[in-house]
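In the order they appear, the protein sequences are chains V and X.
The number in my numbering is simply the position in the first sequence, starting from 1, with 4 added.
The number in my numbering is simply the position in the second sequence, starting from 1, with 4 added.
The hints are simulated quantities; they were obtained by calculation from the structure and are not laboratory data.
Take the hints with a grain of salt, since some may be wrong.
Identical chains share a label here; the pair holds if one copy fits it or two copies do between them.
Listed next, the in silico BS3-like pairs over lysine-lysine satisfying Cα-Cα at most 25 Å (straight line) [as the list claims (entries may be wrong)]:
no., residue 1, residue 2
1, Lys137, Lys14
2, Lys100, Lys58
3, Lys133, Lys100
4, Lys133, Lys14
Number of protein chains: 2
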Amino acid sequence: MSMQTVAKTKYALEDFTPGRQFDLGPRPVSAEEIIEFASEFDPQPWHLDEEAGKASILGGLAASGWHICAMMMRMLIDSYILESTSQGAPGVEYCKWLRPVLAGDTLHGQSTVLSSRPLASRPGIGAVKFDHKLFNQHGELVCTSANTGFFASRDIGGAN
Amino acid sequence: MSMQTVAKTKYALEDFTPGRQFDLGPRPVSAEEIIEFASEFDPQPWHLDEEAGKASILGGLAASGWHICAMMMRMLIDSYILESTSQGAPGVEYCKWLRPVLAGDTLHGQSTVLSSRPLASRPGIGAVKFDHKLFNQHGELVCTSANTGFFASRDIGGAN
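Take the sequences, apply the hints, and build the full model.
Structural data, given as structure tokens:
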């Protein structure tokens, strides 16, 4: 990554200070996209069919947990990652699916910086740990997750 | 869930005994599906473009970590979940993306039962914890994860 690229970027490693919070969403969730994702990756009845969803403990046509994660990723992308010096991520610390996300719901939330540390193995890169929370339109917490992302520092590749 | 449904099901709670292993895959991963998933959920350059991937630490057009998770879910579905008394899952204990999954790779792996316990709050339902491992065609571990799923016991709803 060139200095010029980093200079144009809104969020570098130094900007992810503990406690800083980023808003996520709003993101409406349609029946069509619930069924489309589930058909490809998680074809269980309650993710594919309204009646099967109503008959289950989920209470309606419900998004796959992995679909919730994928939508959360897109919300993170649109909130700050695409305008950052992101260098990818090593995984997910945990993810809890606390309530069903049903067709017609709208998600929103916050992503909060928990900690930041330099990577000894990759000079100029740091690991930032985030807490992510998603809520539905009733203000109910539907998903909570923590994961770490790698970000380049603002002065990578240069001495300024 | 009726007794008849459960009786027809291949895997009930009682069948997920610690140490039992289920094969996953093989699952080929195409450039087209990497780009399709990333366009919707994780539009970072190395998930969208071969040249951008080669220029990154990933070394080529690489699947989003969340896409790896979604493909793993489909492999679990095809291996045992769709033939089970699955009642959904509360989340993911952890997931580590250890190596890039590149266009043209083929994934395979194993899902191993770690433990099983009854849910006090839901009679006839148990929580089964699994370890999942995915490898590429070179035998390299690309993803490891643990998560818990809920399964109904074989005799739910009846006295036999």
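Status of the hints after comparison with the structure:
no.: 1; hint: Lys137 with Lys14; verdict: within (23 Å within a copy, 37 Å between copies)
no.: 2; hint: Lys100 with Lys58; verdict: within (22 Å within a copy, 34 Å between copies)
no.: 3; hint: Lys133 with Lys100; verdict: both (17 Å within a copy, 14 Å between copies)
no.: 4; hint: Lys133 with Lys14; verdict: within (18 Å within a copy, 41 Å between copies)
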